[in-house]
Amino acid sequence: MESLSFEYRGGRPLPSAPPVTLVGVVGSGNLEVMVEPADLGGVCRIEVLTAAVGFGPIWQAVMDDVFARHPVADVRISINDVGATPAVVSLRLDQALDAFTGGQP
Amino acid sequence: MDAQTLLKRLFPDGHDVAFAGDCFSGTGRCCGNDVAVVGTIDNAPIGIELAYRMAGAVLDVVRRHPGRPILLLVDTQGQRLSHRDELLGINGYMAHLAKCLDLARRNGHRVLGLVYGQAVSGGFLASSMLADRCYALPDAEIRVMNLPAMARVTKIPLERLTELSASSPVFAPGVDNYLRMGAIAALWDGDLAGQLAEALAAPLDGDERRALGEERRGRTLARQVADRVRRDAVA
Amino acid sequence: MTDAATHSYYEDSARERLLGLLDPGSFREILPPSERVVSPHLRRLDTPAAFDDGVVVGKATLGGRPVLVAAQEGGFMGGAVGEVHGAKLTGLLERALDERPAGVLLLVESGGVRLHEANAGLIAVSEVMRAVLAVRAAGIPVIVLDGGQFGCFGGMGIVSRLCDAVVMSEEGRLGLSGPEVIETTMGVEEFDSRDRALVWRTVGGKHRYLLGEAAVLVEDDIAAFRAAALALLDHAPDLSLAALEAEHAALGGRLERFGDCRDALDIWARLGIAEPERLPILDTPTFLATVTDKRA
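Chains as they are written, first to last, in our numbering: chain A, 777 to 881; chain B, 1485 to 1719; chain C, 367 to 662.
Hint data in this document are derived by calculation from the structure and do not stem from the laboratory.
No residue lacks a Cβ here, since even glycine has one placed at the ideal position from N, Cα and C.
Take these hints with a grain of salt, some might be off.
What follows is a set of in silico ranges between Cβ atoms, one per label pair, in the way DEER data are often shown [unchecked claim]:
1. Tyr376(C) with Ser804(A): 46 to 52 Å
2. Pro1550(B) with Ala504(C): 43 to 49 Å
3. Leu648(C) with Gly878(A): 41 to 47 Å
4. Thr1489(B) with Glu823(A): 44 to 50 Å
5. Pro791(A) with Gly1658(B): 56 to 62 Å
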């Protein structure tokens, strides 16, 4: 297993703190994504625990894209991954962040 | 220890336990008390017929001898693994046995278990694990699965499992592990009749295994997590 | 109801099932994922953990009546029971003793004990068993729903039959040792786990319903599961000596009547069902109409 951590600045804070969102399942080729409001001084922090070791640069690229689509601030994203492909990771994060922001601008 | 020797040591004042196939039942006398005995021999796999007969023996005690303590002496390699047992609903037979033991408890029968041979998975689950307290002889064997089989199924290297099992009681076979985790109240050695008499008299307070596992540091989360789910305020 | 209006229970995750089953907006999770009460044992074995340890527990209403609910997630380690997972189930059941809801619903989906923490899981299942019986003895019905992709086996197969009623879909499976376990241990000639038709007619919902192991058979539709669960809230638990003697007689009768059967087809024929080989292909309403008054 490998732990990875990413931080992004410059995101927009949400007008009100939404409830915690969880999508996905910790099963083979899949992952769970939990999104929580967190007082992080404007930072969006992503913590990944993955069964597949050695894919740090790919995670970095996927997370960069996700943040570009969902520039959120004061949000903590936690991921438990069992070897999901980058496409599945992107999809789950989009689902989780769409549900979390729930149409807020 | 074979069942005959065990019964002699548990009941030096005598017993009328009768053997039928891989099952036995009857009454032993311990310090002036009658104790109902239900058990199995030869690492019996517990299939539908055996679970049914054991349940019948328990119901018989409840019906005919209100309040009489029940001692389970179950030696089992686990549930019988067969297509036919599944076809006829073996889980329902196991559940029935468990319900009968729980009925006995609710009707004031003290239910004790003593693992004297093997206790494995479903066979253990539906019998002695339903007892108010379960004890074991030091050379008994309790397990879900041996480590080589576990390594195959989980795909975790056997060396890693073996190494971890030296410090963690959580997955490796062994009476001591079950003792640390609270499922075995104590080991009986030496004067078995004396220890049975003590167990018959000891005060009981519900299912105490989680607290015991926490106290013995073998199962550190179960008590706390169950308590939180039971008592946490909900928005 | 048209097919377009049905919502598959089988395809849903545990959390989706709860949302579809319970009164809208009523579910409140206890010890939610944000509490991060995960299994410490999986981490030590280099295996990913889930934030809810594979089971969602909480309170809600069903048809306006208060219920406590648990849903196992088969997608995480086959829904297997570990220390935390089992303690959440036990705690929820014991909460019922304090809150006295109209019922407890168990949305089971489990291969049984989680091998990575096998001893803790086995003990936990026995604690769940005792807790189920304590809740029923207190007069509160415990209702099992079984229609997920992973079925219900091992210790949870025993737990299910300790409850007041099991609601299954045809796709649900219920047993003790899974077909793969039997094949691996006893050989493919004992149970060929790749023979899907054999597996389904042995442990699937239709056979369980005919045997009386499942009380209700519904279509794979979450609304059908909801309706069945709602109707069962009025079930009064009975764990009396008389009730268990009746159960004993029924199980003894099953051994006498079907003990020599080697296949579900033999049992169905003996139940007086014409052309038993047709049963697996019938849709649920036709099946139920065909087997009326024929159940064991």
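Now the hints, each set against the structure:
1. Tyr376(C) with Ser804(A): 46 to 52 Å: Cβ of Tyr376(C) to Cβ of Ser804(A): about 19 Å, so the range 46 to 52 Å is violated.
2. Pro1550(B) with Ala504(C): 43 to 49 Å: For Pro1550(B) and Ala504(C) the Cβ distance comes to about 22 Å; the hint is violated.
3. Leu648(C) with Gly878(A): 41 to 47 Å: Cβ of Leu648(C) to Cβ of Gly878(A): about 44 Å, so the range 41 to 47 Å holds.
4. Thr1489(B) with Glu823(A): 44 to 50 Å: violated, 59 Å
5. Pro791(A) with Gly1658(B): 56 to 62 Å: Between Pro791(A) and Gly1658(B), where Cβ atoms are some 57 Å apart, the hint holds.
In this structure, the hints that do not hold are numbers 1, 2 and 4, in rising order.
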